[in-house]
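Chains as they are written, first to last, in my numbering: chain A, 1 to 293; chain B, 1 to 207.
There could be a bad hint or two in this list.
[To be verified] Cβ-to-Cβ under 10 Å is the rule here; a few derived chain B residues that face chain A:
1. Ser2
2. Asp4
3. Thr7
4. Trp8
5. Ile12
6. Gly37
7. Ala39
8. Tyr42
9. Leu68
10. Gly99
11. Tyr100
12. Ala109
13. Ile188
14. Leu199
15. Ile206
Derived by calculation from the structure, the hints in this document are not laboratory data. Each residue gets a CB set at the ideal place from its N, CA and C atoms; glycine is no exception.
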Amino acid sequence: MGFWNKLLKIDRRWIYTIIWLVVMIPLLFPFKIKPMAMPPVTRLFNYIDTMPEDKALVISVDYTPDIQPELHPMCIALLHHAFATKRKVGLLTLQVMGLGLGEAAIRQVTEEFNAHATTHEDSIINGEDYVYWGWTTPIITILLGMGERITNVYPVDYYGHRTESLPIMKHLKNYDDIGIVVSIAGSSIPISWVNFANTQFGVPIGCGATAVSAADYYPYLNSGQFTGMMAGMKGAAEYEQLVADKFDELGIKWELRRKGTEAMSSQTAAHIAIMIFIIIGNIAYFVIRRRKK
Amino acid sequence: MSADPWTWIAAILTLAIFSFLYKENPFYRFAEHLFVGVANGYAITFYWHRVLVPSLINPVSHGQKLWLIAIAIIGALYFTRFIPKVSWLVRIPIAVVLGYFSGAYIPRAIDAQILQQLRATIVTRSMFANWQSGLWAVIIALGVIATITYFFFSAKRKGILKPVSRIGIIFIMVGFGASFGYTVMARISLLIGRLQFLLGDWLGLIH
Chain A
1 MGFWNKLLKI
11 DRRWIYTIIW
21 LVVMIPLLFP
31 FKIKPMAMPP
41 VTRLFNYIDT
51 MPEDKALVIS
61 VDYTPDIQPE
71 LHPMCIALLH
81 HAFATKRKVG
91 LLTLQVMGLG
101 LGEAAIRQVT
111 EEFNAHATTH
121 EDSIINGEDY
131 VYWGWTTPII
141 TILLGMGERI
151 TNVYPVDYYG
161 HRTESLPIMK
171 HLKNYDDIGI
181 VVSIAGSSIP
191 ISWVNFANTQ
201 FGVPIGCGAT
211 AVSAADYYPY
221 LNSGQFTGMM
231 AGMKGAAEYE
241 QLVADKFDEL
251 GIKWELRRKG
261 TEAMSSQTAA
271 HIAIMIFIII
281 GNIAYFVIRR
291 RKK
Chain B
1 MSADPWTWIA
11 AILTLAIFSF
21 LYKENPFYRF
31 AEHLFVGVAN
41 GYAITFYWHR
51 VLVPSLINPV
61 SHGQKLWLIA
71 IAIIGALYFT
81 RFIPKVSWLV
91 RIPIAVVLGY
101 FSGAYIPRAI
111 DAQILQQLRA
121 TIVTRSMFAN
131 WQSGLWAVII
141 ALGVIATITY
151 FFFSAKRKGI
161 LKPVSRIGII
171 FIMVGFGASF
181 GYTVMARISL
191 LIGRLQFLLG
201 DWLGLIH
C-alpha cells in the first residue's frame, strides 16, 4: 500500500487527536486576533445603538446548553451593549432549557455593571432597567399575545413578581414599545419571530444563529426581515469587538470578559488544519485515481 | 483546579461523552442515558410547575375557568394511544392542535417566507445606487431563477433550460460549500466551548 493509500485510510482517531491539539494549544497559548465586524453584525449593532431611547431591546434566549459556547457570548455582548447605552431590556425564552441560561447571562452582566456602579443611576436594577419574563408556552400564543399586552402573556416574571407591578412594564406594554427583538437560537425560532412579530406587527427582528443555521438565514437578511445577524462564535466575537469599541468611546474603563474573542485563535487554527486536510485528501484522491488509470 | 464538586461532575461527564471518539464504551452510554433522563425530567417538571399548575390546576381548584376541564379532557385523550380499543380518540386533540396551528401559521408563513422573499429578488433601479448592491441584486435574481430551473422536472433539459439549470447547479454547490464551511465552524466552536470549560473552569489552566 502506497503513501497516499495509507493516508486515505488513516484511522479517524488520528484526525480527532490532531483537531484536539490544534484547538487546545491556542487556548493555552493564544495569539492575538482583532475580529473585524462584518456588515450583518454591524447593522445589528448600529440599529440597537441608534434606536430611540424609549424603545426596549428584547432578547429571546432561545438556545439550549448544547449550543451554549456559540450563542451565550452573543447574549452577554448584547446585554453589555444595552446596559452601557442605558437601554431597557426585556428577556424571555421560548425554550425550557434556555431558562437557566438567560438567568445566568443577566446575573453575570448585572453583577459586572453593579460592581462598578457608584450611583443609583449607574446600577442595573431588576424591574426598573430590565425584566426577565422567563418561559411559557405555546410559541404562537406568546408571539401574538405580546402584540396586545405583554403582562397578559407573562402575568409573573421569572422571579415570581407580578409584572403589572414592575416599573419597567409601565413603558413596555406591547410591541409598540420594543425597538428590536433579537432571537438567539439554534433552531428555527427566529423564523417564527419573523412570521408573527415582524410580518404582523412590523417589529424589527435581529438574529443570533449557530453557524450551522447561518446559511439558511441569509435570505432573511437580504429581504430585510432580519435587521442584522450574528453567525456562530465568530459573529459573537465581532459583536464583542464593537461593544469593546463602544466602551472605549463611552469612557468605560473596566475590562470585559470576551469568550467569543478568546476562542478566535483556536477557531482560526482549526480552520487552517481542516483546509489542509481537505487539500491533502483531494491530492491523495486524484493521485490514486491517476495511478488506477 | 476547581474545588466545586459540580464542576468535577460536569468535567467527568464531558470526558465520558468524548470517550466515544475512541470507541463505544459503557462510560459514554451512561453519560448519554443520564443526559436524556435529566433533560426529560427537567422539561416535565417545568411543564408541570409553569403550565399545568398556574394555568389549569390553580384556577380550576378555586372554582374559576371551569371550562378548562373540557380542554384538559381533550388534551388527556392523547393518552388513549396506549389503549388499542379507544386509540382512535387521539385524533381529536391532534385535529384541534393541527387546526389551530395551521390556521395561525400558514397565512403568515406564506407572507413572510414566500411573498416577502419573492419581493426581495425583484431588481429595481434604486438597487443600483451603488454598483455593489446592484451587482448582488442581479446575482441573487439570477441565482433564484437558475436554481428553480434546476428543480423544474416537467420538461426535458434541452434548449435554454440546459445552460440555465447548469448555472443553477453552480449556485447550489456554492450554497452547499457555504453550509459545510459554517458547519465546520459550528462543530469546532462546540469543541472550543468544552475545552474552555475543561482547561479553564475545571483545571484552571486558562483565565
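Consistency of the hints with the structure:
Nearest Cβ of chain A to the Cβ of B/Ser2: about 17 Å, over the 10 Å cut. The hint is violated. Residue-level restraint check for B/Asp4 is violated (minimum Cβ-Cβ distance to chain A is 15 Å; threshold 10 Å). A hinted interface residue such as B/Thr7 counts as satisfied when its beta carbon comes closer than 10 Å to some beta carbon of chain A; here the least separation is about 14 Å, so the hint is violated. Nearest Cβ of chain A to the Cβ of B/Trp8: about 18 Å, over the 10 Å cut. The hint is violated.
The beta carbon of B/Ile12 is not positioned within 10 Å of any beta carbon in chain A (closest approach about 17 Å), and the interface hint is therefore violated. For B/Gly37, the suggested interface contact is broken, since its CB lies about 14 Å from the closest CB of chain A, more than 10 Å. With a cut of 10 Å, the hint placing B/Ala39 at the interface with chain A holds, because the nearest CB-to-CB distance is about 7 Å. Checking B/Tyr42 against chain A: minimum C-beta separation of about 7 Å stays under 10 Å; hint holds.
Interface restraint check for B/Leu68: the shortest CB-CB distance to chain A comes to about 15 Å, outside 10 Å, so the restraint is violated. At a threshold of 10 Å, the smallest CB-CB gap from B/Gly99 to chain A is about 13 Å, leaving the interface hint violated. Nearest Cβ of chain A to the Cβ of B/Tyr100: about 8 Å, under the 10 Å cut. The hint holds. The beta carbon of B/Ala109 comes within 6 Å of a beta carbon in chain A, closer than 10 Å, and the hint placing it at the interface holds.
Annotation: interface hint on B/Ile188 holds; nearest CB of chain A at approximately 4 Å, less than 10 Å. Because the beta carbon of B/Leu199 sits about 6 Å from the nearest beta carbon in chain A, less than 10 Å, this interface hint is met. Contact between B/Ile206 and chain A, as hinted, is supported at the beta carbon level, the nearest pair being about 6 Å apart and thus within 10 Å.
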